[in-house]
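Trainee: Protein chains in written order, with my numbering: chain A, 466 to 664; chain B, 26 to 443.
One or more of the hints may lead you astray.
[As the list claims (entries may be wrong)] Distance condition first, Cα-Cα at most 25 Å in a straight line; then the derived DSS-like pairs of lysine-lysine: (1) A:616 <-> A:565; (2) A:565 <-> B:85; (3) A:591 <-> B:124; (4) B:178 <-> A:616; (5) B:263 <-> A:591; (6) A:565 <-> A:546; (7) A:591 <-> A:581; (8) A:616 <-> B:349; (9) A:627 <-> B:226; (10) B:178 <-> A:591; (11) A:627 <-> B:345; (12) A:616 <-> B:411; (13) A:627 <-> A:616; (14) A:583 <-> B:124; (15) B:85 <-> A:497; (16) B:226 <-> A:581; (17) B:85 <-> A:546; (18) B:263 <-> A:581; (19) B:251 <-> A:581; (20) B:226 <-> A:583; (21) A:581 <-> B:354; (22) A:579 <-> B:411; (23) B:354 <-> A:579; (24) A:627 <-> B:354; (25) A:506 <-> B:124; (26) A:497 <-> B:408; (27) B:349 <-> A:627; (28) A:591 <-> A:546; (29) A:591 <-> B:354; (30) B:263 <-> A:627; (31) A:565 <-> B:226; (32) B:411 <-> A:591; (33) B:408 <-> A:616; (34) B:345 <-> A:583; (35) A:583 <-> A:565; (36) A:583 <-> B:263.
Note that these hints are calculated values from the structure, not bench results.
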Amino acid sequence: MKSYFFTIITSLLISTGTLADSSSMLPSIMTKFDHQMHEEKVLPAFGISCSTCHNFELNADQKTAKANPNLATSAFKMSVKEVCHQCHNTEAPQYRNVPKSCAICHSDQAAMQKIKPKNHENTAWKSTHALNAEVASNTCFNCHITSQCVKCHVRRNDIELKNHSRNFRFTHSVIARAQPQKCDSCHVQTFCVRCHLGK
Amino acid sequence: MQSREAFIFTFLLISCFLPWEVALGQGLLTMESESLFSLRNNFDQELESPFYEFFGANYKSNDQTLNLNSNFGFFVDPVGTSDNDFDLFQFNFQYDAIKDRITVSGGRTSDPVRTVGWTTLDMVSLDMHFLEQRLTVGGFAGKERLLDIGNFKNQADLVGAHMNYRTQAINPLHLSGKFQHKEFNIQDKRAENLGSFGANKTFETSWSPEVLLASRYNFSAREAQKVEAGLDLYPTIKFINRWRIMTYKTTADYGIEDPIFSIISRGRLNEVMGQVENHWTPRFISSLTLAYDDYLLQETRRAEGYRGEFSLSYRPELYKINNKYYYFKSYGGYVLGGEIALTRQIFDTNEVFVSEDITYYDKITSAKSMAYNTALMFGHFWKNLKLQIGGEFNSNNSLTYDLRMLTKLTYFSQMERN
Numbered sequence: 466m467k468s469y470f471f472t473i474i475t476s477l478l479i480s481t482g483t484l485a486d487s488s489s490m491l492p493s494i495m496t497k498f499d500h501q502m503h504e505e506k507v508l509p510a511f512g513i514s515c516s517t518c519h520n521f522e523l524n525a526d527q528k529t530a531k532a533n534p535n536l537a538t539s540a541f542k543m544s545v546k547e548v549c550h551q552c553h554n555t556e557a558p559q560y561r562n563v564p565k566s567c568a569i570c571h572s573d574q575a576a577m578q579k580i581k582p583k584n585h586e587n588t589a590w591k592s593t594h595a596l597n598a599e600v601a602s603n604t605c606f607n608c609h610i611t612s613q614c615v616k617c618h619v620r621r622n623d624i625e626l627k628n629h630s631r632n633f634r635f636t637h638s639v640i641a642r643a644q645p646q647k648c649d650s651c652h653v654q655t656f657c658v659r660c661h662l663g664k
Numbered sequence: 026m027q028s029r030e031a032f033i034f035t036f037l038l039i040s041c042f043l044p045w046e047v048a049l050g051q052g053l054l055t056m057e058s059e060s061l062f063s064l065r066n067n068f069d070q071e072l073e074s075p076f077y078e079f080f081g082a083n084y085k086s087n088d089q090t091l092n093l094n095s096n097f098g099f100f101v102d103p104v105g106t107s108d109n110d111f112d113l114f115q116f117n118f119q120y121d122a123i124k125d126r127i128t129v130s131g132g133r134t135s136d137p138v139r140t141v142g143w144t145t146l147d148m149v150s151l152d153m154h155f156l157e158q159r160l161t162v163g164g165f166a167g168k169e170r171l172l173d174i175g176n177f178k179n180q181a182d183l184v185g186a187h188m189n190y191r192t193q194a195i196n197p198l199h200l201s202g203k204f205q206h207k208e209f210n211i212q213d214k215r216a217e218n219l220g221s222f223g224a225n226k227t228f229e230t231s232w233s234p235e236v237l238l239a240s241r242y243n244f245s246a247r248e249a250q251k252v253e254a255g256l257d258l259y260p261t262i263k264f265i266n267r268w269r270i271m272t273y274k275t276t277a278d279y280g281i282e283d284p285i286f287s288i289i290s291r292g293r294l295n296e297v298m299g300q301v302e303n304h305w306t307p308r309f310i311s312s313l314t315l316a317y318d319d320y321l322l323q324e325t326r327r328a329e330g331y332r333g334e335f336s337l338s339y340r341p342e343l344y345k346i347n348n349k350y351y352y353f354k355s356y357g358g359y360v361l362g363g364e365i366a367l368t369r370q371i372f373d374t375n376e377v378f379v380s381e382d383i384t385y386y387d388k389i390t391s392a393k394s395m396a397y398n399t400a401l402m403f404g405h406f407w408k409n410l411k412l413q414i415g416g417e418f419n420s421n422n423s424l425t426y427d428l429r430m431l432t433k434l435t436y437f438s439q440m441e442r443n
């Protein structure tokens with residue numbers, strides 16, 4: 466039984482590690498941009514020309530110009546971020562129907578860090594996020610996945626304590642009476658019964 | 026659930042995500058795993074070797090039409106006497122049957138999005154989106170699951186509806202409303218109807234005030250379970266001032282899932298909290314929190330609770346230092362303590378973590394003592410893996426000398442296909 470168990474766990478870790486080794490580096494945010502779709506369907510509808518995004522450089526004949534395709538290195542009148550945000554992060558009424566969800570492009574962890582809300586950097590965010598999450602939990606899941614909630618609110622193990630220190634066992638009778646409503650965030654009475662009336 | 030079946034089930038869950046390159050389209054797959062192992066003595070000085078595994082996987086298609094979630098955890102103690110345990114936290118899907126218009130969801134969920142309060146349930150739901158997805162209206166039906174008593178034990182059925190709306194502004198007004206009907210299938214438990222309402226808005230004026238409001242009403246008991254209002258002020262870009270006021274009341278009526286609050290309080294609790302936080306530099310932050318609670322202890326007696334916390338966070342090059350001092354006072358006594366945690370990066374692939382937590386308590390039962398917790402961990406990184414090995418030392422009223430070994434293996438990866 467024990468060997469079966471360890472075989473499963475080892476296989477899981479090796480397989481996921483192998484997958485990780487075989488995966489390619491995450492593409493930059495620019496690779497999410499569908500140029501063909503924008504060029505054919507979106508930009509003409511808004512009357513947006515190539516020069517809105519691209520700089521042009523003269524051809525050798527000095528009479529014709531071509532768009533510089535390299536957004537990362539060519540000099541723009543605005544940053545690449547502003548190029549995207551002028552349509553996708555604006556209140557301008559003509560762009561009302563343009564998708565505004567940040568997660569469309571900022572979907573991987575590295576890109577999400579760039580748009581992390583300022584209040585998340587606060588040391589007290591762990592204790593004050595409850596009200597924000599209760600009111601507008603949909604916005605949380607633009608970036609977060611629900612397992613991040615589960616790890617603190619639902620998961621139980623006493624090997625590594627996430628929310629309470631090891632000393633909490635000796636102080637919880639005082640702390641629970643100081644703020645009794647806090648316990649209800651994660652526990653019901655069956656949790657107390659385990660120690661106080663049972664094993 | 027028997028352990029053998031649990032492991033087979035676990036392997037099947039993992040298998041659902043392994044062939045994603047063939048079965049699923051363009052999207053982002055996120056996987057994480059935390060494996061914890063410890064060697065320690067219990068309070069009877071018997072050796073234990075608990076092992077806990079938490080696994081999570083999430084897939085989101087690039088066009089945002091498909092979302093798959095799975096989390097589970099299992100616990101075994103090969104040497105000790107603790108019972109094995111398996112918990113399925115989530116196993117669900119969300120799919121846009123009509124893109125940006127209708128979303129169908131199903132499976133096990135464990136979150137507060139649709140239900141009033143946090144609930145784990147097996148459910149199906151339908152959401153409809155309007156006004157460029159700024160308005161969502163939906164309904165759900167499902168069976169509540171209480172993981173403390175078993176993965177598939179059920180004592181209540183839930184149906185409900187919810188609404189979410191936000192305005193078009195860059196700092197929009199958020200409105201949310203929910204209704205939930207809970208039908209117990211346990212004899213003598215009456216049905217319960219709950220409703221909630223929430224609002225949130227940041228104003229683009231001086232100090233950028235953010236106003237928050239959350240309320241929960243029990244139609245069956247005809248009382249407001251919770252009303253909480255908050256105000257966050259930003260006088261400068263570096264200084265934050267938060268205020269919260271709340272009234273809270275829940276009653277013991279559900280049997281095994283009675284709220285802990287009902288053990289301590291016989292009536293309504295009122296709380297006010299104030300907090301200030303200052304970012305002295307981008308790497309150095311301090312905050313001070315003060316809270317006062319007042320609640321009905323017995324029919325003719327009220328009790329008070331106090332909380333004070335002062336914390337510092339310092340992030341110089343290669344270091345991460347957190348320092349916190351706390352004070353709690355209630356009719357049960359008072360607690361005073363401090364903790365410090367330091368992480369030091371060594372080269373690019375190693376780190377050392379050390380923490381110390383010292384607590385003094387003086388209880389109404391005349392128990393006075395100190396408790397110490399010290400941890401030391403060494404970590405090594407690979408591309409997506411982190412291995413931490415170390416130990417923990419505890420000294421307290423129950424165990425004068427408690428030394429335990431801890432190993433933690435963390436895996437996190439994101440794989441994308443375009």
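Trainee: Hint by hint, note whether the structure agrees.
Mentor: Going through the hints against the structure:
no.	hint	result
1	A:616 <-> A:565	violated (29 Å)
2	A:565 <-> B:85	holds (17 Å)
3	A:591 <-> B:124	violated (34 Å)
4	B:178 <-> A:616	holds (21 Å)
5	B:263 <-> A:591	holds (19 Å)
6	A:565 <-> A:546	holds (14 Å)
7	A:591 <-> A:581	holds (15 Å)
8	A:616 <-> B:349	holds (23 Å)
9	A:627 <-> B:226	violated (31 Å)
10	B:178 <-> A:591	violated (31 Å)
11	A:627 <-> B:345	holds (18 Å)
12	A:616 <-> B:411	holds (18 Å)
13	A:627 <-> A:616	holds (8 Å)
14	A:583 <-> B:124	violated (31 Å)
15	B:85 <-> A:497	holds (14 Å)
16	B:226 <-> A:581	holds (18 Å)
17	B:85 <-> A:546	holds (23 Å)
18	B:263 <-> A:581	holds (16 Å)
19	B:251 <-> A:581	violated (30 Å)
20	B:226 <-> A:583	holds (16 Å)
21	A:581 <-> B:354	violated (35 Å)
22	A:579 <-> B:411	holds (23 Å)
23	B:354 <-> A:579	violated (41 Å)
24	A:627 <-> B:354	holds (23 Å)
25	A:506 <-> B:124	holds (18 Å)
26	A:497 <-> B:408	holds (24 Å)
27	B:349 <-> A:627	holds (16 Å)
28	A:591 <-> A:546	violated (30 Å)
29	A:591 <-> B:354	holds (22 Å)
30	B:263 <-> A:627	violated (28 Å)
31	A:565 <-> B:226	holds (18 Å)
32	B:411 <-> A:591	holds (23 Å)
33	B:408 <-> A:616	holds (23 Å)
34	B:345 <-> A:583	holds (19 Å)
35	A:583 <-> A:565	holds (19 Å)
36	A:583 <-> B:263	holds (10 Å)
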